[in-house]
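Asker: So you can see what is in the structure, the chains are spelled out below.
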Amino acid sequence: MSEDIITYLEKLVLVKFNENEKERIRVEINRIVDLFNVLKNVKELDIYEPLFHVHEISSPLRDDEVLDKLDEEYKMLKENAVLVQGYVKAPKTVVE
Amino acid sequence: MSYRYISMPVYRLIEEFSSDVNKIFEYIDAIYDRIERVENKIKAFITIIPREYMYNNVEALLKKIKSSGSAIPKLFGVMIGVKDNITTMGIRTTCGSKILENYIPPYDATVIVKLKNVGVFIHGKTNMDEFAMGSTTETSAFYPTRNPWDLNRSPGGSSGGSGAALAAGEASIALGSDTGGSIRNPAAYTMVYGLKPTYGLVSRFGLIAYASSMDQIGPMARNTTDLALLLSVISGNDPKDSTSLPIESIDYVKALDDYMYKEPRLRIGIFKELFEGSDDCVKKTVYNSVDKLCSYHDCIEISMPYTKEAVAAYYIIAMAEASSNLARFDGIRYGLKTHIDGRNWVDVYTEVRTKGFGYEVKKRIALGAYVLSMGYRDMYYIRALRFRRMLREKLGDVFNNVDAVASPTMPIPPPRLGEFFEDPLKIYLADISTVIANLSGYPAISIPAGFCNNLPVGLQLMSKPLSESILLYLSAQLEDRTKLRDIIAEV
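Protein chains in written order, with the numbering used here: chain A, 1 to 96; chain B, 1001 to 1491.
I should point out that these hints are in silico values taken from the structure, not numbers from a laboratory. Please note that the accuracy of each hint is not assured.
[Unchecked claim] Taking lysine to aspartate or glutamate and the EDC-like style, the derived pairs with C-alpha atoms no more than 20 Å apart in a straight line are: (1) B:K1240 x A:E65; (2) B:K1262 x B:E1301; (3) A:K40 x B:D1378; (4) B:K1464 x B:D1397; (5) A:K16 x B:E1360.
So that you can see chain A by itself, here it is in the shape it has in the complex (with noise of 0.2 Å):
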């Protein structure tokens, strides 16, 4: 495991290893893997499907509930909407 994977990783993960620890997880990855290719031995699984989910669900969902409820809270919003260049301005969700 060279140190560009280790750097590619980070981006991909967006975190950073200090120095002491990029060392250490290089030596811990590389055994790692070695233990993850343990599974290249067993001959027999490209007869298997991969079995994504124990249930074997594809994105179930619930049936759509029509509500009428919205109209007073659409128009509020549409009439104070703050409009730029065409757009909605939303208001900021991060609190300095």
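Please build the complex by placing chain B on the supplied structure of chain A, with the hints as guidance.
Answerer: Leaving out everything else, chain B in the frame of chain A:
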């Protein structure tokens, strides 16, 4: 007088409280006195609700119930320790992580709603490995929890705080979560009972995710009946959890009583490879407890190779799912924050996540990204998922011939604190017995088997999906024979 409340099982507590509801306040004092006495040594909790708040809450609710004329809820007054990855409205929920150090959820997890509906009060949030990534409760950003049976040793993890609180008498019942053994491991290491339910039996709504296809909340207790009682409350379909099974909760205490009355003779498979791979003392202690069951039930040896491969597949899948689940922690909507003006989002997210996550979490999400990345996804992630299907099919074949499969819960006794720092692979491989149930979605229980050089050892039983009653039956039978119930460690 108050010491009896510390070790009293919940099914007796509710009898006491129903005869005199004011005994709840003696019980509250007993538990909090115990916490004051031992918590400094054990560190089972991250957050403890103040005693006065508990009094006021109980008094207020009692008054409300009396004035409304409604019946006092079944478990009214019982206090529970809740693992700190289960959201509790208004009570800090940290996942053992700095990134959520001051996060106060605006909602309750479904299991918490269900507990409150039957009158249970939360008195503390228990310590855990950070984001449930660990097996010793040492990766917690706050402090490690110590094993009440030997303060120099780990109580296991990641629900180590819950296990330790029970063993030390700081809680009567507790909730944990189990993704790769995190209920059963600490149950085994602290001489308590812990159950990982069938995947989908207990709602995950409000459980802060680690690996969503394997995470399950489950009960922990000092005896089988309390385990059954707690499971009855928290289980059942939840429309807020799309992976929740379409079944209602059953009364597991009644089901247990029925089994104990009828005492059916079952077939138990002794898992050869998992016994062979265990420490000699652990093997001997667990065999002794299995013999107690086999004197009545039919026991046969079963063999399933690929136990090490199961560990590999588990960690590949868990790390991959974790890298996705933890992407939400970016310092914008909740959690640890940093200044953002004039900065690009990559720098802001990276700074927050680097400061907020511990080393083990960073390592696992990096590895998760690795196994999902181009060129490696088929080699690792997809291959692990193929293994998962193969394992589930082979397990199905095993359960055509047996009703339960027995093995040591953990192959080694509780490790010393810091023992695995130099060799983390050793602790990953210690999950060899427990991960099979998580990969397949099958239920499994850890039952106290005995002591090995004065250290707790657990027996694990696994069964088919939705066969929790069988596990509870076998647990109760063994409990009757060993008398290893309601034990509090001398701290």
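Asker: If a hint holds in the structure, say so; if it does not, say that too.
Answerer: Outcome of the hint check:
no.	hint	result
1	B:K1240 x A:E65	holds, 15 Å
2	B:K1262 x B:E1301	violated, 26 Å
3	A:K40 x B:D1378	holds, 11 Å
4	B:K1464 x B:D1397	holds, 11 Å
5	A:K16 x B:E1360	holds, 13 Å
Consistency with the previously given hints fails for number 2 only.
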